[in-house]
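As they're listed, the protein sequences go chains A and B.
Position 96, counted from 1, in the first sequence is what this note's numbering calls 96; the numbers after and before it change by one each time, with no gaps.
Position 148, counted from 1, in the second sequence is what this note's numbering calls 801; the numbers after and before it change by one each time, with no gaps.
What the hints contain is simulated information worked out from the structure, not anything from laboratory work.
Wrong hints could be hidden among the right ones.
Claimed, not checked - Residues of chain B placed beyond 12 Å of chain A at every Cβ, according to the derived structure:
(1) LEU903
(2) ARG972
(3) GLU983
(4) GLY1228
(5) ALA1279
To be verified - Partial chain B-side listing against chain A, Cβ under 10 Å, derived:
(6) SER971
(7) VAL1073
(8) ARG1252
Computed from a predicted structure; not experimentally measured.
Glycine included, each C-beta is placed from N, C-alpha and C at the ideal position.
One letter stands for each residue in the lines below.
2 protein chains.
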Amino acid sequence: MTLDTTTTPPAAADGAGRGERARTARPVQPAAGALRGAGLGEVTLDGGFWGTLQDRNAAATLQHCADWMERLGWIENFDRVAAGTTGPDRPGWQFSDSEVYKLLEALAWEHGRTGDPAADALFEALVDRVLPAEDPDGYLNTCYGHPGRAERYTDLSAGHELYCSGHLVQAAVARLRTTGEDRLTALGRRVADHVVREFGPDGRDGVCGHPEIEVALAELARATGDDRYRVQAELFVERRGHGTLDPIALLGPAYFQDDVPVRETEAWHGHAVRALYLAAGAVDVAVDGGDDELLEALEGQWRHSVERRTYITGGMGSRHQDEGFGDDWELPPDRAYCETCAGIASNMVSWRLYLATGRVEYVDLIERTSYNVLATSPSADGTAFFYANPLQQRVAGGDVLPDAVNARAEGGVRAPWFDVSCCPTNVARTLASWHTTAAAVDGDRTGVLLQYATGDVRLTLRAGELHLRVTTSYPDDGDVRVAVVAAPEGSALRLRVPSWAGGAELTLPGTGTREVAPGWVDVDALAGGDELLLRLPVQPRATWPDPRIDAVRGTVAVERGPLVLCLESTDLPEGVALDDVRVDPGQGLRDHGDGALVRARADAAPPSGSGLPPFGARPAVVRPGAAFDLPLVPYHRWAERGAATMRVFLPTS
Amino acid sequence: MTLDTTTTPPAAADGAGRGERARTARPVQPAAGALRGAGLGEVTLDGGFWGTLQDRNAAATLQHCADWMERLGWIENFDRVAAGTTGPDRPGWQFSDSEVYKLLEALAWEHGRTGDPAADALFEALVDRVLPAEDPDGYLNTCYGHPGRAERYTDLSAGHELYCSGHLVQAAVARLRTTGEDRLTALGRRVADHVVREFGPDGRDGVCGHPEIEVALAELARATGDDRYRVQAELFVERRGHGTLDPIALLGPAYFQDDVPVRETEAWHGHAVRALYLAAGAVDVAVDGGDDELLEALEGQWRHSVERRTYITGGMGSRHQDEGFGDDWELPPDRAYCETCAGIASNMVSWRLYLATGRVEYVDLIERTSYNVLATSPSADGTAFFYANPLQQRVAGGDVLPDAVNARAEGGVRAPWFDVSCCPTNVARTLASWHTTAAAVDGDRTGVLLQYATGDVRLTLRAGELHLRVTTSYPDDGDVRVAVVAAPEGSALRLRVPSWAGGAELTLPGTGTREVAPGWVDVDALAGGDELLLRLPVQPRATWPDPRIDAVRGTVAVERGPLVLCLESTDLPEGVALDDVRVDPGQGLRDHGDGALVRARADAAPPSGSGLPPFGARPAVVRPGAAFDLPLVPYHRWAERGAATMRVFLPTS
């Protein structure tokens, strides 16, 4: 089924077909600080790793999401509210409205990115359906407050009403910035005004079980200049952590970060997406409110959690039960949850912290998470997704189910949709605007290249446009050529040397080649016609885990540039079992396409089932195998060649 | 609050105060096979490891359970049904009735074990409350089928109605065997008859989401000689695995073993207690029905699951999300679930398989699980319990809550009660009858000693009573003296040499001392006055995990006799962190009380928080520490000396 769309001509369009205001539009615009991210039209990717992902998102994923939500009745839920025919049989979880809103946000960014009229038409068609479901007082939710349904705000712990409102507001912000005021942005304001009336300083003393409204209201304040929204976001952040939410079944208050106030939190804990959405909103509140103490607390949480509770992929979430963070050093590869949405939310936090501080480690983590979590989720055709991103698959994936009940976490295969289907629309909105995090402007005169991809970067500086032409096969190859097409007088360029890129070299016009250390490297006095060459050493490297991570003791991972590699059973020699493979990276790692070759043996354990002693507690007698070369492939593409077992961390002996 | 009890004088009592029929009463009495377990009065423990646990259970745990259930209204639920005043506000989960029934079963065994009139009085007082809640047609459940409550059998997946009925039937079996027919046993029959009418060959084609009714009906058939109950149990076993149950939320049909028929199952999977209760009932059905194919399948499941899905403690269940088994070799120590009830259920299965086959490995596992799971749960005073039994605690336990909402699995401290509180009453019923698995009779003339504890064993053989006096400090010490007080002509004795006891020695009268290999050792031609000495080498030993268990690669466990040892932070030198400890068992393990000393170092990692590179993916620079002796203590007593961090598997380098 395809959603009916009516073609609406875009407003004043620039050369790419996008409206002029969309050129500098971007998801995050702090009210304070010297840094700003690139606008939608300031970076244009020509194919390559991320350009391909963006184009596929536009060509396949957006319509795919709309079709599934139409099929499942999640869009019709709005029609039924408008018609007064909703009731106890409403399909979808209580938060299904949010998926429609995330798709709206994705369509707004996509239309802003390319001016594609099809994206705009789908956007308008969805708004046609959503708008009539609004209650007269600005409340909009298809699950609550209607005949046969529970009353509004009777279940703040699990109801997700403010969460849904937040996603609607984020769609409105995207539309406002890319197109300008329209009926959806007006709806977003009315919904936000309703929230402020209900939950303001004199209203209900409550928060939503799932943070999201905080980051949405903070950005709406930035987009509209209406400070009430920022104050409300601040109120939600500060109210949290005082145990006001009723616990859900077996999950304590830590599940939704209601156990400790944000500014007293040491490490992220509980449900990962909730913790990270909350942190993103808290950074916004801290930055715009000049709350340095809060910002410092959030930076501390990032450092602690990234060091001790984050996977090598950048994935976050060690537990299935609560989709949550584990204790320090609790990072099991096989039961890694690493929800796609948590990777997206991690990028949201890191991006805000970069804009607030200019620190390179935040951008390093965005690179790691983008290549190894965000890019891992969608299938090569953009119509199936990983919800969880474990680092080890012990049992090859089974069949994908044709309906929406695919297992979120243990499938081992990408699925077109889930019964809780937060990830596909989240991937869609994130990819549509991803390139706005590839470059930045620092102050009046400095352009910053953060991520490397072939395309044009046209950053508006105070004195004019800094136009760079970037040419690279990154991450397959580490050579990045930056041609300065035009540079205003006195402009400068800052390049990121990734933390893994020891031995990188930079060639500048005139001064020749020099080694540059990981971190920032600044190039002054740019002029049109200059050509720079940054050489990043992407050859495969062994990464030994911290000895405090119990679950991967005695193993090694192999990385290549920003890519984490993995071993898939697909690539094993005949008769070799994944469990029996031992590698020796000391014998040299070699390039192998976009992956690597590592020297390995298959030390076969004896056939099982002998029965005594049981408990696997005596080492099996091992028959050492002959050495062979074992190909490792990028993790982000695993399970694309058929169901397979897989592991990132490889035993060494 | 203390439950009112009325003292009822026991029926004809033997010397111990128990009724004569209780002497040979026991929970499991297969209708076929040469082996039988000891009766309640055939083994008498005098203190020691298990005697102390049993006495504490009698003195503290039974009343503790009754008091909590009275306090929470779980007993009053029966009163309210009888009075017609129950409704939507009924306290407790839908399965809370089963806790009352498990306590009834525990009291029946306890009264049968010792004749204690207090146990009998509490039993009768509970029956006074339960009986009036029965519906006229024999249906009994306080949660379903009453005004304001859901209808009967409308939620077979989650309703637990047949599960509750099963536990009532098990209480009735215990009463029938220990005391004889009474009002509770009559109730049990009526409830069972109702189940047969509703779910018989011509009734509803359904099974219960939580197996239990199978094992209960099979035993009721044995206790009453009424074959209809066996047929019904068989029907439930065979109906399962065909996807008839509606899935629960995010859990697929594997959660309750409805994905594969029992006889086609290769390994236990899904919710561990469900899988094991089902397997126990299936063994009963296979044995009594002469179904060798089914029995062989169940033995295969045991072998596969014990080798690849079972912890060194005997604990089962690797996942929190579904309280379930993991994939092969998925045995994380920190997130081990190892529910106490799963250990109990594992013993139920192994005991039945031993009785069916006589194989020693089943008894070896019972020993392991009894000492390291069952005995771990109750606190030293018998009024607090572990629900989950992980093998590593990363964060020291917090406060126990005074109400019943204590976390099941992540507390790190024993709690008096839980909101799902299946374990305390399960421990109670299991301990009350545990000694019936310490000895057995094989055929007409052979007594079998299975577990070693000081006390008297008086087994009724065809030719008379074989009376053995056992004296030992096992497991603290490995010397077991067996004095033959009286032996009928031609009687024989079989002793179990545990699988871990390589180098054991047996001294027989006349023939001197010889080494005996793990397994069975037979002693013929017993005569009164004979004295045997079995020396089991309980000194500490290093146990290296199977290399396929990823989560404990590079570590070693230390065992001492049947006890798994652990390291508690309580025993660390000042300034040493648990995460930094490395041991070298190659430098010798020494006895240290009932634990061991191992040579260790603390290789301190540098202070954290430096921030780059994150993800813990670079080995911390380690400062080797000086060697010291580190005490290890029995796992079953961990967290008794205050909240602590703990680990069983110790990194070696």
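Hints the structure fails to honour: 1, 2, 3, 8
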